[in-house]
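Chemist: This is what each chain is made of:
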Amino acid sequence: MSSTQKHSVLATKNLAVGYGKAEKETVVNTINLELKAGSFVTMVGINGSGKSTLLRTLAGLQEPLEGEIFLEGKPLNKLDAATKSLNISVVLTSQVISKNLTVLELVSLGRQPYTNWLGKLTEEDKAEIQAALAATELENLKHKACYALSDGQLQRALIARALAQNTEVILLDEPTTHLDLHHKASIFSLLKKIARQQQKTILCTTHDIELVLSLCDELIVLHNNTAIQNTPEALIEQGIFENLFPGTNVYFDKTSRRFLIC
Amino acid sequence: MKTRSGHSTKFTLLGVGVLLLLLLNIALGSVYIPLSAIFKVIAGDDSIREAWTYIILDYRIPKALAAVMTGSGLAVAGLMMQTLFKNPLAGPFVLGISSGASLGVAFFILGGSALGLTAILQVHGWGTIIAASLGSFTVLSVVIAVASRVRDAMALLIIGLMFGSLTSAVVSILAYFSPAEELQRYMFWSFGSLGDISWAALGILSLCYCIGIGLAFSITKNLNSLLLGDHYAQTLGVSLQRSRFVILISTSILAGSLTAFVGPIAFVGLAVPHLIRQWFTASNHWTLIPACILGGAVLMLLCDILAQLPGLPITLPINAITSLIGAPIVIWLLIRKKKLLF
Numbered sequence: 001m002s003s004t005q006k007h008s009v010l011a012t013k014n015l016a017v018g019y020g021k022a023e024k025e026t027v028v029n030t031i032n033l034e035l036k037a038g039s040f041v042t043m044v045g046i047n048g049s050g051k052s053t054l055l056r057t058l059a060g061l062q063e064p065l066e067g068e069i070f071l072e073g074k075p076l077n078k079l080d081a082a083t084k085s086l087n088i089s090v091v092l093t094s095q096v097i098s099k100n101l102t103v104l105e106l107v108s109l110g111r112q113p114y115t116n117w118l119g120k121l122t123e124e125d126k127a128e129i130q131a132a133l134a135a136t137e138l139e140n141l142k143h144k145a146c147y148a149l150s151d152g153q154l155q156r157a158l159i160a161r162a163l164a165q166n167t168e169v170i171l172l173d174e175p176t177t178h179l180d181l182h183h184k185a186s187i188f189s190l191l192k193k194i195a196r197q198q199q200k201t202i203l204c205t206t207h208d209i210e211l212v213l214s215l216c217d218e219l220i221v222l223h224n225n226t227a228i229q230n231t232p233e234a235l236i237e238q239g240i241f242e243n244l245f246p247g248t249n250v251y252f253d254k255t256s257r258r259f260l261i262c
Numbered sequence: 001m002k003t004r005s006g007h008s009t010k011f012t013l014l015g016v017g018v019l020l021l022l023l024l025n026i027a028l029g030s031v032y033i034p035l036s037a038i039f040k041v042i043a044g045d046d047s048i049r050e051a052w053t054y055i056i057l058d059y060r061i062p063k064a065l066a067a068v069m070t071g072s073g074l075a076v077a078g079l080m081m082q083t084l085f086k087n088p089l090a091g092p093f094v095l096g097i098s099s100g101a102s103l104g105v106a107f108f109i110l111g112g113s114a115l116g117l118t119a120i121l122q123v124h125g126w127g128t129i130i131a132a133s134l135g136s137f138t139v140l141s142v143v144i145a146v147a148s149r150v151r152d153a154m155a156l157l158i159i160g161l162m163f164g165s166l167t168s169a170v171v172s173i174l175a176y177f178s179p180a181e182e183l184q185r186y187m188f189w190s191f192g193s194l195g196d197i198s199w200a201a202l203g204i205l206s207l208c209y210c211i212g213i214g215l216a217f218s219i220t221k222n223l224n225s226l227l228l229g230d231h232y233a234q235t236l237g238v239s240l241q242r243s244r245f246v247i248l249i250s251t252s253i254l255a256g257s258l259t260a261f262v263g264p265i266a267f268v269g270l271a272v273p274h275l276i277r278q279w280f281t282a283s284n285h286w287t288l289i290p291a292c293i294l295g296g297a298v299l300m301l302l303c304d305i306l307a308q309l310p311g312l313p314i315t316l317p318i319n320a321i322t323s324l325i326g327a328p329i330v331i332w333l334l335i336r337k338k339k340l341l342f
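Taken in sequence, the protein lines are chains A and B. The first sequence: position 205 = 205 (UniProt numbering), numbered continuously. The second sequence: position 207 = 207 (UniProt numbering), numbered continuously.
Excised from the complex, chain A in its bound form:
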């Protein structure tokens, strides 16, 4: 399937994100992005470049300072919370969640937008939960409490919760922090597999640029208060990564696609 055939799921027009109401502090401006169905996109940038801020804004958790976000062509801010919850799910690492929850309970909470006021799970809900647990290989751990999980397992459980929510768009904020190389790779492969098999649009912020270069369909690079979106190859060709980090400590080697420290 070529990229021209896929339709745009999430798009932004001249979006500016940042903080403050009276005194606006813009972190990234004139963001024009387009995320297509079934694509695995990663967002990179140095600390403080606005990755999490942009992600939260796309999720509707934060008001944009300027510009607009479109979900399936409709302005995001016109949609109510219930509609948004059926279309966008998130995986956040900074949230304090109740560690008393078992994996099954955690994943089941992903079905909240679909259940009645009693939160009763239907057969369809249970099937979705089962599928999410299977996709993240958590079936054996489902009765374990979150406090007993390793970082990698908890991360997978949080991803499973987002999968159970069964939304077109999944936004993930640094899901591989604190994980070793093996678990990082397995999370990224999992995300790519989900994007391909279930035609989900996945956007994930990360610091593991080298890893995602070979895995993701497109990258969004936040640099000098702007956002650049392109395929890994095109970005390498344009020499974007050479200037990503300030100073001269780190440089990017095009042939090996690696960052080197001098």
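FYI, nobody ran anything at the bench for these hints, they're computed from the structure. You may find that some hints are simply not true.
In silico DSS-like pairs for lysine-lysine, Cα to Cα no more than 25 Å straight-line [to be verified]: (1) A/K144 with A/K120; (2) A/K36 with A/K193; (3) B/K337 with A/K144; (4) A/K144 with A/K99; (5) B/K337 with B/K10; (6) A/K142 with B/K10; (7) A/K144 with B/K10; (8) A/K126 with A/K142; (9) A/K78 with A/K36; (10) A/K99 with A/K126; (11) B/K337 with A/K99; (12) A/K13 with A/K74; (13) A/K193 with A/K142; (14) A/K120 with A/K142; (15) A/K24 with A/K13; (16) B/K10 with A/K120; (17) A/K6 with A/K36; (18) A/K192 with A/K6; (19) B/K337 with A/K142; (20) A/K99 with B/K10; (21) A/K36 with A/K13.
Predicted, not measured: the structure shown is a model, and the values here were computed from it.
Starting from the known structure of chain A, fit chain B onto it as the hints suggest.
Modeler: This is chain B only, laid out in the frame that chain A set:
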């Protein structure tokens, strides 16, 4: 989420516990009344001694019902606070809500005499209840406002403690200028007492209790979403502002009205949700809220039985008993589990 049926044994045990302790609570007291006489009085048999009938119908039964409502109401309020603040130490007492109620009552009893309000409002018991509810609502609003700015659990705790200090400071000042009679009235209120409740007052309390518990059930699904934190809850379609408001109203009605009628009761709101969570190993509020209602009632009935020292003509302050039992429970939970989770 675990199904209800998996917990049915525990629910049955709690239910039986409430009934047995309710009976025991009515049967025991300063005056010995045989169990057969108690059943006869409840059945409406008027051949029983008049004094016994009076003690049972107008003292022991209202007191036992007040104990049930106090325990369950405070436990549910504590549970909601712990989920809302994502803090295992949150509770109506620790977060200064009970202090707020105390402040309200202090202003009413100690400061109100100057304005001549006390005598008018005291008649139907509405005065204290409004003062306590307003006090707890004010403090809870401030705590919520601060909580949205500082996400740090420790900061919230310190703010709660500060409210406690502020309250006692203001109460000291009010006390300094108050006549001894009013001061004593406030002191007795602050010891906590389940015994001074009339049927009329019990009616008012039940109304507040039902509204508070009803609101808690109306927000139960959102409480489950809030276990994941504010951001996740929002992406699950929860309106944060509305949920917070409902929880705030429900908690201040429960904590405010209960504190007004029976005085500040420590530790029930903190300890019961933790005990229930550990015993049921559940996080679903559709399980936790009913379990806290039953569990809170069990603990409070038990504390009241101990406080009235069966066979002796004296009654200990109920607030002291709940602390004596509640504090070791919390310490025991901490030592056993190394940490408390909300």
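Chemist: The structure should be examined with respect to each hint, and the outcome stated for every one.
Modeler: For each hint, the structure was consulted:
1. A/K144 with A/K120: holds (21 Å)
2. A/K36 with A/K193: At roughly 15 Å apart (the allowed maximum being 25 Å), A/K193 and A/K36 satisfy the hint.
3. B/K337 with A/K144: holds (16 Å)
4. A/K144 with A/K99: holds (10 Å)
5. B/K337 with B/K10: holds (21 Å)
6. A/K142 with B/K10: Roughly 23 Å between the alpha carbons, so the hint for A/K142 and B/K10 holds.
7. A/K144 with B/K10: Between A/K144 and B/K10 the Cα gap is close to 21 Å, so the pair holds against 25 Å.
8. A/K126 with A/K142: OK: A/K126 and A/K142 at ~13 Å, within 25 Å.
9. A/K78 with A/K36: holds (21 Å)
10. A/K99 with A/K126: Satisfied, since the Cα-Cα distance of roughly 22 Å is no more than 25 Å.
11. B/K337 with A/K99: holds (13 Å)
12. A/K13 with A/K74: This hinted pair holds, its Cα atoms lying about 12 Å apart.
13. A/K193 with A/K142: holds (21 Å)
14. A/K120 with A/K142: Judged against 25 Å, a Cα distance of about 19 Å means the pair holds.
15. A/K24 with A/K13: Holds, at roughly 19 Å.
16. B/K10 with A/K120: holds (21 Å)
17. A/K6 with A/K36: holds (6 Å)
18. A/K192 with A/K6: OK: A/K192 and A/K6 at ~16 Å, within 25 Å.
19. B/K337 with A/K142: holds (21 Å)
20. A/K99 with B/K10: Cα-Cα ~23 Å, so holds.
21. A/K36 with A/K13: holds (15 Å)
Violation of the numbered hints given earlier is absent; every hint is satisfied by the structure.
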